[in-house]
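Trainee: For reference, the chains in residue letters:
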Amino acid sequence: MDVRLYGRLADMLGRELRLEVPGADCSVAEVRSRIAEEHPQSREHILSSRVRACVGDTLVSDTHRLKTSEALEFFPPVSGG
Amino acid sequence: MWTARLVLEPFSPEDAYAAFQQRLSHEVGAVVTFAGLARGANRQGAPVDMLVLEHHPRLTQLSLEDITASAAERFEVSALDVIHRAGHISPGDAIVWAAAAAPHRRAAFEAADYLMDRLKTEAMFWKREDGRDGSRWIEPTDTDHHERARWE
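Going down the list, the sequences are from chains A and B. Every letter in the first sequence is one number past the one before it in my numbering, and letter 45, counting from 1, is 45. In short: position in the second sequence from 1, add 81, done, that's my numbering.
Incorrect hints may have been included.
Residues from chain A that face chain B, not an exhaustive set, calculated with beta carbons under 7 Å [as the list claims (entries may be wrong)]:
no.	residue
1	D57
2	G80
3	G81
Away from chain B, derived, C-beta distances all over 12 Å, residues of chain A [said to hold, decoys possible]:
no.	residue
4	M1
5	D2
6	A10
7	R18
8	E20
9	V21
10	A29
11	A36
12	E37
13	R43
14	T58
15	S61
16	H64
17	S69
18	F75
19	V78
Think of the hints as simulated: they come from the structure by calculation, not from any bench. For glycine and all other residues, C-beta sits at the position ideal for the given N, C-alpha and C.
Take these sequences, add in the hints, and give me the full structure.
Mentor: Okay, here's the thing in structure tokens:
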């Protein structure tokens with residue numbers, strides 16, 4: 001699956017991250033763990049509850065199960081102004 | 082009547098004010114405007130060569146609209162205008178513009194204040210300072226969150 005990243009996470013891992021995930025309906029939490037395993041330098045951030053997950057332009061919880069067609073995005077804390 | 086716009090090129094707060102004023106009706110007796118500029122130094126005093134604001138292709142514009150619509154609903158204002166830059170911003174250039182017009186001053190002050198408190202903490206941007214000593218991602222401070230919480 002493809003994961004799109006922003007901000008600090010994109011700096012660390014690139015904007016698009018291709019992952020082999022266990023099963024078609026894995027949860028957001030499982031994707032976070034997989035990224036942390038494969039990219040330990042991102043562990044502190046990708047596992048943080050301050051980094052929000054988004055599917056189809058809607059924020060989702062860590063228990064959300066991803067369909068194969070769904071693209072997942074991770075948002076570090078935002079700051080405008 | 083409100084407008085909220087994401088822009089990727091430099092904009093002029095003076096031009097924004099002129100355009101905003103032109104669309105005001107005669108019921109307006111107060112206009113409050115705020116322009117946020119990129120600083121040439123960070124909180125620690127180190128020079129900043131460039132501020133970089135990353136945005137989301139769809140949700141950033143929606144976040145600006147959501148915040149502005151909430152302000153329009155919450156305060157007795159006649160018009161609101163928000164313009165927010167993204168991309169590479171040089172020191173001295175405008176990052177954000179927020180304007181509120183109302184029949185009386187209190188609502189205009191409060192709406193502009195509310196807009197900025199929410200934009201600081203909820204507008205969908207990722208902000209980085211680039212300087213000669215490296216780059217640093219900026220997140221809302223405790224003060225920013227405290228000021229946002231005043232409106233709850």
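Trainee: According to the definition I'm using, a residue is off the interface if its beta carbon is farther than 12 Å from all beta carbons of the partner; does E20 (chain A) meet that for chain B?
Mentor: 26 Å, holds
Trainee: Examine each Cβ of chain B, and state whether all of them lie more than 12 Å from the Cβ of S61 (chain A).
Mentor: 17 Å, holds
Trainee: Just double-check A10 (chain A) for me: nearest Cβ-Cβ distance to chain B has to come out over 12 Å.
Mentor: 7 Å, violated
Trainee: Grab the minimum C-beta distance from G81 (chain A) to chain B and call the hint holds if it beats 7 Å, violated otherwise.
Mentor: 4 Å, holds
Trainee: Does the no-contact call for V21 (chain A) survive, Cβ to all of chain B over 12 Å?
Mentor: Holds: least Cβ distance 23 Å, greater than 12 Å.
Trainee: With d taken as the least Cβ-Cβ distance between F75 (chain A) and chain B, does d exceed 12 Å?
Mentor: Per Cβ check, F75 (chain A) is inside 12 Å of chain B; nearest 7 Å; violated.
Trainee: At 12 Å, judged by beta carbons, does H64 (chain A) keep clear of chain B as stated?
Mentor: The claim holds: H64 (chain A) sits with its nearest Cβ about 17 Å from chain B, beyond 12 Å.
Trainee: Any Cβ of chain B at or closer than 12 Å to V78 (chain A), or is the non-interface label fine?
Mentor: Given that some Cβ of chain B is not farther than 12 Å from that of V78 (chain A), nearest at about 5 Å, it is violated.
Trainee: Can you verify the interface hint for G80 (chain A): is its Cβ closer than 7 Å to any Cβ in chain B?
Mentor: 3 Å, holds
Trainee: Verify that the Cβ of S69 (chain A) lies farther than 12 Å from every Cβ atom of chain B, and report whether the claim holds or is violated.
Mentor: The claim stands: S69 (chain A) keeps its Cβ more than 12 Å from every Cβ of chain B (closest is about 18 Å).
Trainee: Is the nearest CB of chain B more than 12 Å from the CB of T58 (chain A)?
Mentor: 9 Å, violated
Trainee: With d taken as the least Cβ-Cβ distance between R18 (chain A) and chain B, does d exceed 12 Å?
Mentor: Per Cβ check, R18 (chain A) is outside 12 Å of chain B; nearest 19 Å; holds.
Hints 6, 14, 18 and 19 from the list above are not met by this structure, while the remaining hints are.
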